[in-house]
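Here the protein sequences come in this chain order: A and B. Its first residue numbered 1, the first sequence is counted upward by one per residue in the UniProt record's numbering. Its first residue numbered 1, the second sequence is counted upward by one per residue in the UniProt record's numbering.
Heads up, some of the hints might be wrong.
Pairs of lysine-lysine residues, derived as DSSO-like cross-links and limited to a Cα-Cα distance of at most 27 Å, are as follows [said to hold, decoys possible]: (1) Lys21/A x Lys66/B; (2) Lys223/A x Lys182/A; (3) Lys172/A x Lys62/B; (4) Lys62/B x Lys21/A; (5) Lys164/B x Lys209/A; (6) Lys96/B x Lys337/A; (7) Lys145/B x Lys114/A; (8) Lys270/A x Lys145/B; (9) Lys297/A x Lys81/B; (10) Lys81/B x Lys337/A; (11) Lys145/B x Lys43/A; (12) Lys270/A x Lys49/B; (13) Lys155/A x Lys145/B; (14) Lys178/A x Lys155/A; (15) Lys438/A x Lys178/A; (16) Lys270/A x Lys96/B; (17) Lys145/B x Lys21/A; (18) Lys49/B x Lys21/A; (19) Lys376/A x Lys81/B; (20) Lys54/B x Lys114/A; (21) Lys270/A x Lys323/A; (22) Lys164/B x Lys270/A; (23) Lys96/B x Lys297/A; (24) Lys155/A x Lys172/A; (25) Lys165/B x Lys155/A; (26) Lys332/A x Lys165/B; (27) Lys21/A x Lys54/B; (28) Lys54/B x Lys172/A; (29) Lys209/A x Lys114/A; (30) Lys155/A x Lys164/B; (31) Lys265/A x Lys164/B.
Footprint (simulated), chain A over chain B, 3 or more residues, beta carbon under 8 Å [to be verified]: (32) 97-104; (33) 137-147; (34) 166-175.
Calculated directly from the structure, the hints in this document are not laboratory data. Computed from a predicted model, the values in this text were never measured in an experiment. No residue lacks a Cβ here, since even glycine has one placed at the ideal position from N, Cα and C.
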Amino acid sequence: MASSNSLMDSLFQRSLEDLIKGLRLGESTFISRSLEEIRREIKLTDLSTKSVALQKLSYLAALHGVDMTWAAFHAVEVVSSSRFAHKRIGYHAIAQSFSDQTPVMLLITNQLRKDLNSSNEHEVSLALECLARIGTDDLARDLTSEVFTLLGSSKALVRKKAIGVVLRVFDKYPDAVKVCFKRLVENLESSDPQLLSAVVGVFCELTAKDPRSYLPLAPEFYKILVDSRNNWVLIKVLKIFAKLASIEPRLAKKVADPVCEHMRKQNVGKSLLFECIRTVFSSLSNQEVALKLAVVKIREFLMDDDPNLKYLGLHALSIVAPKHLWAVLENKEAVVKAMSDEDPNVKLEALHLLMAMVNEDNVTEISRILMNYALKSDPLFCNEIIGSILVACSRDSYEIIVDFDWYVSLLGEMARVPHCQRGKEIEHQLIDIGTRVKDAKLELVRVSRALLIDPALLGNQFLHPILSAAAWASGEYVEFSKSPYEIAEALLQPRTCLLPDSIRAIYIYSAFKVLVFSLGAYFSSQEPTSSPLAQESTSSGPSMVNGFTYNSISSLVNMIELGLCSLSGTIDVEVQERAKNVLGFIGMIKHEIAEKATSQNSETEAHRAIAFMEDVFSEELGPVSSTAQEKVPLPEGLDLNENLEGLQEICREVLEPMAESDYSSDKVSFSVAKLRIRDQEEASSSLPPPLESSSLLAEHRKRHGLYYLSSQKSDDHNDRDGNDNNTSNEYPPANEISVDSFKPKKKISKPRPVVVKLDEGDEPKRKPDASSSNDESLSRAIQTALMGKGKGKEKEKEKERVKENHEMNVDTENIEQSSRREKKNKKNGERSGKRSSRRQRGKEASVTKPVEVPDLLL
Amino acid sequence: FSLLSSCFPRSCTFYLVLCIILFLLAQESWVCVLYFQIHFVLLVSRQGKVRLTKWYSPYTQKERSKVIRELSGVILNRGPKLCNFIEWRGYKVVYKRYASLYFCMCIDEADNELEVLEIIHHYVEILDRYFGSVCELDLIFNFHKAYYILDELLIAGELQESSKKTVARIISAQDQLVEAAKEEASSISNIIAQATK
Numbered sequence: 001m002a003s004s005n006s007l008m009d010s011l012f013q014r015s016l017e018d019l020i021k022g023l024r025l026g027e028s029t030f031i032s033r034s035l036e037e038i039r040r041e042i043k044l045t046d047l048s049t050k051s052v053a054l055q056k057l058s059y060l061a062a063l064h065g066v067d068m069t070w071a072a073f074h075a076v077e078v079v080s081s082s083r084f085a086h087k088r089i090g091y092h093a094i095a096q097s098f099s100d101q102t103p104v105m106l107l108i109t110n111q112l113r114k115d116l117n118s119s120n121e122h123e124v125s126l127a128l129e130c131l132a133r134i135g136t137d138d139l140a141r142d143l144t145s146e147v148f149t150l151l152g153s154s155k156a157l158v159r160k161k162a163i164g165v166v167l168r169v170f171d172k173y174p175d176a177v178k179v180c181f182k183r184l185v186e187n188l189e190s191s192d193p194q195l196l197s198a199v200v201g202v203f204c205e206l207t208a209k210d211p212r213s214y215l216p217l218a219p220e221f222y223k224i225l226v227d228s229r230n231n232w233v234l235i236k237v238l239k240i241f242a243k244l245a246s247i248e249p250r251l252a253k254k255v256a257d258p259v260c261e262h263m264r265k266q267n268v269g270k271s272l273l274f275e276c277i278r279t280v281f282s283s284l285s286n287q288e289v290a291l292k293l294a295v296v297k298i299r300e301f302l303m304d305d306d307p308n309l310k311y312l313g314l315h316a317l318s319i320v321a322p323k324h325l326w327a328v329l330e331n332k333e334a335v336v337k338a339m340s341d342e343d344p345n346v347k348l349e350a351l352h353l354l355m356a357m358v359n360e361d362n363v364t365e366i367s368r369i370l371m372n373y374a375l376k377s378d379p380l381f382c383n384e385i386i387g388s389i390l391v392a393c394s395r396d397s398y399e400i401i402v403d404f405d406w407y408v409s410l411l412g413e414m415a416r417v418p419h420c421q422r423g424k425e426i427e428h429q430l431i432d433i434g435t436r437v438k439d440a441k442l443e444l445v446r447v448s449r450a451l452l453i454d455p456a457l458l459g460n461q462f463l464h465p466i467l468s469a470a471a472w473a474s475g476e477y478v479e480f481s482k483s484p485y486e487i488a489e490a491l492l493q494p495r496t497c498l499l500p501d502s503i504r505a506i507y508i509y510s511a512f513k514v515l516v517f518s519l520g521a522y523f524s525s526q527e528p529t530s531s532p533l534a535q536e537s538t539s540s541g542p543s544m545v546n547g548f549t550y551n552s553i554s555s556l557v558n559m560i561e562l563g564l565c566s567l568s569g570t571i572d573v574e575v576q577e578r579a580k581n582v583l584g585f586i587g588m589i590k591h592e593i594a595e596k597a598t599s600q601n602s603e604t605e606a607h608r609a610i611a612f613m614e615d616v617f618s619e620e621l622g623p624v625s626s627t628a629q630e631k632v633p634l635p636e637g638l639d640l641n642e643n644l645e646g647l648q649e650i651c652r653e654v655l656e657p658m659a660e661s662d663y664s665s666d667k668v669s670f671s672v673a674k675l676r677i678r679d680q681e682e683a684s685s686s687l688p689p690p691l692e693s694s695s696l697l698a699e700h701r702k703r704h705g706l707y708y709l710s711s712q713k714s715d716d717h718n719d720r721d722g723n724d725n726n727t728s729n730e731y732p733p734a735n736e737i738s739v740d741s742f743k744p745k746k747k748i749s750k751p752r753p754v755v756v757k758l759d760e761g762d763e764p765k766r767k768p769d770a771s772s773s774n775d776e777s778l779s780r781a782i783q784t785a786l787m788g789k790g791k792g793k794e795k796e797k798e799k800e801r802v803k804e805n806h807e808m809n810v811d812t813e814n815i816e817q818s819s820r821r822e823k824k825n826k827k828n829g830e831r832s833g834k835r836s837s838r839r840q841r842g843k844e845a846s847v848t849k850p851v852e853v854p855d856l857l858l
Numbered sequence: 001f002s003l004l005s006s007c008f009p010r011s012c013t014f015y016l017v018l019c020i021i022l023f024l025l026a027q028e029s030w031v032c033v034l035y036f037q038i039h040f041v042l043l044v045s046r047q048g049k050v051r052l053t054k055w056y057s058p059y060t061q062k063e064r065s066k067v068i069r070e071l072s073g074v075i076l077n078r079g080p081k082l083c084n085f086i087e088w089r090g091y092k093v094v095y096k097r098y099a100s101l102y103f104c105m106c107i108d109e110a111d112n113e114l115e116v117l118e119i120i121h122h123y124v125e126i127l128d129r130y131f132g133s134v135c136e137l138d139l140i141f142n143f144h145k146a147y148y149i150l151d152e153l154l155i156a157g158e159l160q161e162s163s164k165k166t167v168a169r170i171i172s173a174q175d176q177l178v179e180a181a182k183e184e185a186s187s188i189s190n191i192i193a194q195a196t197k
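Work the whole structure out from these sequences, hints included.
Printed below as a string of structure tokens:
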């Protein structure tokens, strides 16, 4: 019964065409029904039926995303057929579905070996294609000798595929270099254009990974660069030279001439021309003639109607921009014109170029142009523009910004661009400028006020972060505000219910600051001697109109009380707690305001409380270094290396915020918690203790001076400057800051305000690149192989060099010996074991020695 | 006073290590693909139907369908007068439309886009020569042939054959091999011939 079923299955099997036709009818269950059939057919013993089933399955997998990993074993079965038609289907399926984890991988080694040794070149080519796609470490190791044999094959079809496979084999099994490299290099001198194209392709990829190892091959590549007429080969060779020239400057000089020649040719292919330009821009930019010629050619690209060329022209310019800005400036019109191109990719490249041109003289003009574009363009590009302005302007602690008033108002403008979604960045910069640039505070408060009082902005959730920054700034720097009442009103307007709770909490807290400030000003206005701080802020705040009258202060207090009343029942605890805190404070103070108006008793309870509250808010906040934690010396008895050493390296960024939040749980939390306000993490810090806080801090500092960051590192002059700036500070800030020395610039009438910069740590540290061990072993193997190769040909030259440079002689001799030893080892095969340790040393020596470029090129 | 590690609860550490491992696993498939010039080839019809996929870098089936979805969405929506390159996840995708089919190839950012456009054109010319003015239906019913031709053109993502004649010769030699061994093949091609009329 079963056998008759299987016979029926083979006889009436759906062919691939039937399957495709069936699919085109669009039946929904067709795929699952066919899969069932395939599962049945693929188990039959008849290889023809099996292979057709496999073919159908690979069709479904390729185009309909059906899983075919379960059929791995059947694919191996089909490959073992003696018929080419079956093999082809099988190998195709394997290349399509196998990965390194496929369990039946071990089963195909022998089959691949058999096919690689086959007399039929097409079977060999199938096996090579498969190996190129799926080769694992084991496969590469086991089949290296077969690949080596095929590299010398007389059939071009086989040989060029073998060359292609070498790439995968080297990657997986670096020791194969010892066997195959020589034959690979020999192919560089091949006259067959197809072989040449294949081998140059392989070297192009190899060089991209590790240029230094291939420097000795420069003469061969140079010959190809001069002689070849094939565009695709030339492009690859240019890519190789771009890599080589960047590590060997002398090579750049030599290559520049032929590259220029290619560029000057009439009717040169655009792809080759572009590659020449890119090579010049990326690696030969010190060769003046070549660079000038390339800039002329790039102008042709920019003027072309073909959007591809325009895009590539802009792209190439962005490569050269960091080193030779004049090349971009010469094409400024074209770049600006590209900003209104219909292609978003072209616009993006133009934007990058414009940002590369920005400096302190033109930042205003370029930003104005860009803001105009931002208003007109689609949301995606608009945000791209805003984002790149923000990045460019904030680079290196706002290096290019001279007029901070302008920049702050620009930030305010950005918030009003309809599509703006860069709230987070703008928020960060508003607060950052507030803490770093003293002179910008007035404008910051003005811009913040304008943002806060606009009820329309509250409806846009992308602007919420900006509003939170504005709320914080107008609370923190309320002394610069013209009308505290207006700000408090804006902070408590009904539409604030649209804000998320965390930001609402900041609003309330800022309103509290406004209240404290106003009360302070009210109380001190009648006895100027009692509170030096309040007096200072009244006199220093240039926009301060004058003190508060009883009427104005009581209406302010009433307004705040009214606004907060409804909030004391909010579900969110943070909002509720803050509202209650403020209400409690008002309750304590309220009746004394009235008393104050009548009696002249200066030492009321309320007065003292307000003085303390002002004290609490008076300390200026500075920027916090991202490496602040690292500067804390290690306390005795704490073993940081235990268990977590590796972890700390890997995830410094993840750990840092957590470490910071640990600060707050400590007694120092007062100062740190205040600093953290700018991160809107007030959530975790309750109201600081109003009494004796400052003196506590001082005491703590005295006792635990060890944990405070020393300010001795920056030079004394700067440090004093920094402290002078913060005159209202009773104590030097807890975080270490130094002020960059103020340098007057020639053309600028208005001096650039001081920007507080941190010594280091403004930029997060970069992790050192960990190159994989596989790469290293590959390059080591290649260097060894090249040393061996160069030996015979350049023995004479080597001897001449001996006279010139005795030291180098020792090195090269060593390497010669080691490579000689290696050759012997290869002959002796098994016996090499005991010498391997010495060989290893020889290899090490070859790595440490810089690779020489043969003289004939230089 | 507390410092990084002393205050770390164990559970937290464990969680972090777990996160890192997961992160590395997720990254792996994207990180280890930097070795090939062309990472994959896609043929998508104007209606968004996939006609051919060839992956030279390791992607799982899930990633493959995600890539196809993402890219066909972007490419099909681009207007006719725009440039043929898109930047995508740190790679470049070069595409070109021939009649109703989009040919896409994904390359590294430093690779030569114009060269890849030429490779695409080359492939189309070879297909054209093989099928005799190729159309979408040819590729639908002979999808395996399109693969075999592509295999002769690229190996391990590298261009390996630049002569159209040679490719045509190799493919026809292989076809003969198949036909000599198997009668069915010829009957299949008859069916195709009828279907494509």
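Hint check results:
Restraint check: the Cα-Cα separation between Lys21/A and Lys66/B comes to about 26 Å, which is no more than 27 Å; the hinted pair holds. In summary, the hint linking Lys223/A to Lys182/A is supported, as the alpha carbons are separated by about 18 Å, within the 27 Å threshold. Between Lys172/A and Lys62/B the CA atoms are separated by roughly 25 Å; this keeps the pair inside 27 Å, and the hint holds. Proximity of Lys62/B to Lys21/A is assessed by CA-CA distance (about 26 Å); at most 27 Å being required, the pair is judged to hold.
Distance hint between Lys164/B and Lys209/A is unfulfilled; the C-alpha atoms sit about 31 Å from each other, more than 27 Å. For the hint pairing Lys96/B with Lys337/A, the CA-to-CA distance comes to about 25 Å; that is within 27 Å, so the pair holds. Taking the CA atoms of Lys145/B and Lys114/A, the gap is about 25 Å. The hint holds against a cut of 27 Å. At most 27 Å may separate the alpha-carbon atoms for a hinted pair to count; Lys270/A and Lys145/B exceed this at roughly 31 Å.
Taking the CA atoms of Lys297/A and Lys81/B, the gap is near 23 Å; set against the 27 Å cutoff, the hint holds. For a cut-off of 27 Å, the pair hint linking Lys81/B to Lys337/A stands: about 17 Å separates their Cα positions. A hinted pair counts as satisfied when its Cα atoms are at most 27 Å apart, and Lys145/B with Lys43/A qualifies at roughly 25 Å. Under the criterion of a C-alpha separation no larger than 27 Å, the hint pairing Lys270/A with Lys49/B is inconsistent with the structure, at around 32 Å.
Our distance criterion of 27 Å between C-alpha atoms is met by Lys155/A and Lys145/B, whose separation comes to about 23 Å. In summary, the hint linking Lys178/A to Lys155/A is supported, as the alpha carbons are separated by about 23 Å, within the 27 Å threshold. Between Lys438/A and Lys178/A the alpha-carbon distance is near 66 Å, which puts this suggested pair outside the 27 Å criterion. The suggested pairing of Lys270/A with Lys96/B holds, with an alpha-carbon distance near 17 Å, which does not exceed 27 Å.
Annotation: proposed proximity of Lys145/B to Lys21/A holds, straight-line Cα distance about 17 Å (limit 27 Å). Between the alpha carbons of Lys49/B and Lys21/A the distance comes to roughly 15 Å, so the proposed pair stays at or under 27 Å and holds. At roughly 21 Å between alpha-carbon atoms, Lys376/A and Lys81/B fall within 27 Å of each other, so this suggested pair holds. Of the pairs offered as hints, the one joining Lys54/B and Lys114/A holds, with about 26 Å between alpha carbons and a cut-off of 27 Å not exceeded.
At roughly 25 Å between alpha-carbon atoms, Lys270/A and Lys323/A fall within 27 Å of each other, so this suggested pair holds. Simply put, Lys164/B and Lys270/A have alpha-carbon atoms about 21 Å apart, close enough for the 27 Å limit, and the pair holds. At most 27 Å may separate the alpha-carbon atoms for a hinted pair to count; Lys96/B and Lys297/A meet this at roughly 25 Å. Among the hinted pairs, Lys155/A with Lys172/A is consistent with the structure: their alpha-carbon atoms are about 26 Å apart, no more than 27 Å.
For the proposed pair Lys165/B and Lys155/A, the alpha carbon gap of about 16 Å is at most 27 Å, so the pair holds. With a C-alpha separation of about 46 Å, the suggested pairing of Lys332/A with Lys165/B is violated against the 27 Å cut-off. Taking the CA atoms of Lys21/A and Lys54/B, the gap is about 22 Å. The hint holds against a cut of 27 Å. Proximity of Lys54/B to Lys172/A is assessed by CA-CA distance (about 21 Å); at most 27 Å being required, the pair is judged to hold.
At roughly 32 Å between alpha-carbon atoms, Lys209/A and Lys114/A are farther apart than 27 Å, so this suggested pair is violated. Between Lys155/A and Lys164/B, the direct Cα distance comes to roughly 18 Å. Compliance with the 27 Å bound is thereby established for this hinted pair. About 26 Å separates the Cα atoms of Lys265/A and Lys164/B, which keeps this hinted pair within 27 Å; it holds. Closer than 8 Å: that is the beta-carbon criterion, and the stretch 97-104 of chain B has 0 residues meeting it against chain A, so the requirement of 3 is violated.
Three residues within the 8 Å Cβ limit are the bar, and the stretch 137-147 of chain B against chain A gives 5, so the coverage statement holds. Proximity of the stretch 166-175 of chain B to chain A, defined as three or more residues with a beta carbon under 8 Å from a beta carbon of that chain, is established by the 4 residues found.
The structure is inconsistent with the numbered hints 5, 8, 12, 15, 26, 29 and 32, although it conforms to all the rest.
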